[in-house]
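Novice: This is what each chain is made of:
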Amino acid sequence: GAGVSQSPRYKVAKRGQDVALRCDPISGHVSLFWYQQALGQGPEFLTYFQNEAQLDKSGLPSDRFFAERPEGSVSTLKIQRTQQEDSAVYLCASSPLAGGQLVEQFFGPGTRLTVL
Amino acid sequence: GENVEQHPSTLSVQEGDSAVIKCTYSDSASNYFPWYKQELGKRPQLIIDIRSNVGEKKDQRIAVTLNKTAKHFSLHITETQPEDSAVYFCAASDDKIIFGKGTRLHILP
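Residue numbers (my numbering), protein chains in the order written: chain A, 971 to 1086; chain B, -9 to 99.
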């Protein structure tokens, strides 16, 4: 079956531009996570959804970052007024159960964002 | 909050030898400890996980041990093969999953 997909795979933005990153989780998966992975680092938690409810957004680095999952399936991570420090790979992961922090997460291929 | 330390950051082993990667965590409430493998340019994939009520788990050439008292856990890969070359991440989770910084494993021919 289809795994987690993300689009675009690569995004180049000029500093100050807004970007929107899309995640299509595995069908039926309840939990959805967004991570930021800087070069040579591990994924860093950004936010967590259980269905359409955003239960944890404590990892979002600033109010320029916003995520939504309005129908409990596809999710969008939006970054406003991008800065060079936002350059990273943004990973989405989904899990079939609520409390997806405690079971296997299935990762997407990531979106590599470069801010010039 | 939780803090996960992982070492070494880079590890080179001869093909056929064993590799060991160690992690420590700070939050005693963490009760789930997965290990992910990430090949260059690819997505992380779970290779093994362990829960806090278990001290050791094995799956073919891969094993993980957990010492809750000392708050450390380790990944052991035996009979290493070229396809084991990748970056390995440990993680600890309670209400939030926190990853280590990764270990780049090189298998030397």
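Simulated from the structure, these hints should not be mistaken for laboratory data. Using N, Cα and C, we set each Cβ at its ideal position, and we do this for glycine too. Mixed in with the good hints there might be a few duds.
[Unchecked claim] Simulated coverage check for chain A against chain B, where a stretch passes if three residues somewhere in it have a Cβ under 8 Å from a Cβ of chain B:
1. 1031 to 1041
2. 1071 to 1078
[Stated by the list, open to error] When the alpha-carbon atoms are kept at most 27 Å apart in a straight line, the in silico BS3-like pairs for lysine-lysine are as follows:
3. B:Lys32 with A:Lys1027
4. B:Lys91 with A:Lys1048
5. B:Lys86 with B:Lys58
6. B:Lys86 with A:Lys1048
7. B:Lys61 with B:Lys48
8. A:Lys1027 with A:Lys1048
9. A:Lys1048 with A:Lys981
10. A:Lys981 with B:Lys91
Novice: For each hint, tell me whether it holds in the structure or not.
Specialist: Results of checking the hints against the structure:
1. Restraint check on the segment 1031 to 1041 of chain A versus chain B: 0 residues with Cβ-Cβ distances below 8 Å, three needed, restraint violated.
2. With 7 residues bearing a CB less than 8 Å from a CB of chain B, the segment 1071 to 1078 of chain A meets the requirement of three and the coverage assertion stands.
3. Straight-line distance between C-alpha atoms of B:Lys32 and A:Lys1027 comes to about 26 Å, which keeps the hinted pair within the 27 Å bound.
4. Our distance criterion of 27 Å between C-alpha atoms is met by B:Lys91 and A:Lys1048, whose separation comes to about 25 Å.
5. Between the alpha carbons of B:Lys86 and B:Lys58 the distance comes to roughly 18 Å, so the proposed pair stays at or under 27 Å and holds.
6. Distance hint between B:Lys86 and A:Lys1048 is fulfilled; the C-alpha atoms sit about 21 Å from each other, no more than 27 Å.
7. Of the supplied pair hints, the one linking B:Lys61 and B:Lys48 holds, its CA atoms being roughly 19 Å apart against a limit of 27 Å.
8. Our distance criterion of 27 Å between C-alpha atoms is met by A:Lys1027 and A:Lys1048, whose separation comes to about 13 Å.
9. For a cut-off of 27 Å, the pair hint linking A:Lys1048 to A:Lys981 stands: about 13 Å separates their Cα positions.
10. This hinted pair checks out: A:Lys981 and B:Lys91 have alpha carbons roughly 24 Å apart, not beyond 27 Å.
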